[in-house]
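Chain B: place on chain A using the hints.
Next come the chains, spelled out residue by residue.
There are 2 protein chains.
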Amino acid sequence: MAGSPGIRLTAADLSADSLARARARVAAHAPGAQVTWHHGDLHRLPFADGAFDHVFVCFVLEHLADPVAALAALRRVLRPGGTVTVIEGDHGSALFHPESADARAAVDHLVRLQAAAGGDALIGRRLHPLLTEAGFRDVTVRPRTVSADGSRPALVEGFTRRTFVAMVESVRSDALAAGLATPEAFDRGVAGLRRTAEEGGTFHYTFFKALAVNP
Amino acid sequence: MAGSPGIRLTAADLSADSLARARARVAAHAPGAQVTWHHGDLHRLPFADGAFDHVFVCFVLEHLADPVAALAALRRVLRPGGTVTVIEGDHGSALFHPESADARAAVDHLVRLQAAAGGDALIGRRLHPLLTEAGFRDVTVRPRTVSADGSRPALVEGFTRRTFVAMVESVRSDALAAGLATPEAFDRGVAGLRRTAEEGGTFHYTFFKALAVNP
Numbered sequence: 393m394a395g396s397p398g399i400r401l402t403a404a405d406l407s408a409d410s411l412a413r414a415r416a417r418v419a420a421h422a423p424g425a426q427v428t429w430h431h432g433d434l435h436r437l438p439f440a441d442g443a444f445d446h447v448f449v450c451f452v453l454e455h456l457a458d459p460v461a462a463l464a465a466l467r468r469v470l471r472p473g474g475t476v477t478v479i480e481g482d483h484g485s486a487l488f489h490p491e492s493a494d495a496r497a498a499v500d501h502l503v504r505l506q507a508a509a510g511g512d513a514l515i516g517r518r519l520h521p522l523l524t525e526a527g528f529r530d531v532t533v534r535p536r537t538v539s540a541d542g543s544r545p546a547l548v549e550g551f552t553r554r555t556f557v558a559m560v561e562s563v564r565s566d567a568l569a570a571g572l573a574t575p576e577a578f579d580r581g582v583a584g585l586r587r588t589a590e591e592g593g594t595f596h597y598t599f600f601k602a603l604a605v606n607p
Numbered sequence: 393m394a395g396s397p398g399i400r401l402t403a404a405d406l407s408a409d410s411l412a413r414a415r416a417r418v419a420a421h422a423p424g425a426q427v428t429w430h431h432g433d434l435h436r437l438p439f440a441d442g443a444f445d446h447v448f449v450c451f452v453l454e455h456l457a458d459p460v461a462a463l464a465a466l467r468r469v470l471r472p473g474g475t476v477t478v479i480e481g482d483h484g485s486a487l488f489h490p491e492s493a494d495a496r497a498a499v500d501h502l503v504r505l506q507a508a509a510g511g512d513a514l515i516g517r518r519l520h521p522l523l524t525e526a527g528f529r530d531v532t533v534r535p536r537t538v539s540a541d542g543s544r545p546a547l548v549e550g551f552t553r554r555t556f557v558a559m560v561e562s563v564r565s566d567a568l569a570a571g572l573a574t575p576e577a578f579d580r581g582v583a584g585l586r587r588t589a590e591e592g593g594t595f596h597y598t599f600f601k602a603l604a605v606n607p
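Just so you know, the sequences run in chain order A and B. So the working numbering is basically just the index in the first sequence, starting at one, shifted up by 392. So the working numbering is basically just the index in the second sequence, starting at one, shifted up by 392.
Each hint can be trusted.
Since copy identity is lost for identical chains, a pair holds within one copy or between any two.
List of simulated lysine to any residue pairs, SDA-like, C-alpha gap at most 25 Å:
| no. | residue 1 | residue 2 |
| --- | --- | --- |
| 1 | Lys-601 | Pro-397 |
| 2 | Lys-601 | Arg-544 |
| 3 | Lys-601 | Arg-471 |
| 4 | Lys-601 | Thr-532 |
| 5 | Lys-601 | Val-548 |
| 6 | Lys-601 | Ser-492 |
Derived from the structure by calculation, the hints contain no laboratory data. Quick caveat, the model's predicted, so the values are computed rather than measured.
Excised from the complex, chain A in its bound form:
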């Protein structure tokens, strides 16, 4: 917000808890910010057509059964010529050394569980066709790859261990309940991923950032 003085923001979330945490964070770090908080579903936003100049969604579409419908609903509240930024990951981009079948299986568990929940953990590669289908124009998608290796210990800790491995560990009981792996196999997968954060290991992951225009 430092770069956009006078900006008026509207934040929407389906989760009251997430919204409360966001409010607390803004109160702490940007007490003067003009933010309107909306608790609700992005498919049914109570705002007029064309009410906004820009819409920003990050790690949202990956959880939705019909991302094109969601993008169309967001486009409705954008003014003509308004723009949207969409950021998503793609678990298929996870590239690591040492490679191992166990670690690869652990990544696949994430993909399967997200699909079973109606989402798509491989959505990053699809942003261009999704935005195009939703009626946006001048769609550009740029990759942003995180490369964590011995030259970047903070990134190894912050991304490989505390973000990606932690995410895999968080679905352990779901993966076991879904019959995707035995406890032993699941734990070997986590160990294989952890190994990529040790000396001589590398871990790479690509996020996709799309920008598009409402015609």
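Only chain B this time, still in chain A's reference frame:
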């Protein structure tokens, strides 16, 4: 070379044919360039220790059985404080839409054939540990992702079709001879990859560019 006036280059290649083509290209496009041409093996370069300020290798290590030995041989001819640039791809980074088992299998054929030939088509992710093991320091590796979609028709043509799909097609007879696929299955794989270059398709591939210092 335009940015490095007075630079003296030495080009080495195991293939006399490749060297001849490089000479012709330099004669056509940079007739004043000072280039020494060396036909030989990079593991046994006939140059003094520390003879060079910089070494550049691109798409070379992927073909070698012992990339650390090759890097060590290149390091020998670098002066203390001299630098090396290494660029390699990684077929595991190939990410596309629509995803299909046939197209994925086609990529895997490339990986298996290169492994059978003593190389490693998944080497990009390993550049940091390889350079470190070869005795280089201050190793930094940065990804360079090519993202080809409907917004970049020239890239779809030049990279997806004419580079990647063409590369897969070029190993058809080898893949069939190695028993990796039936002709029908191989051709379905090529068709699946070609589909990613059609409307609504996307194709992404990550190259890794490393810079390191000879201590």
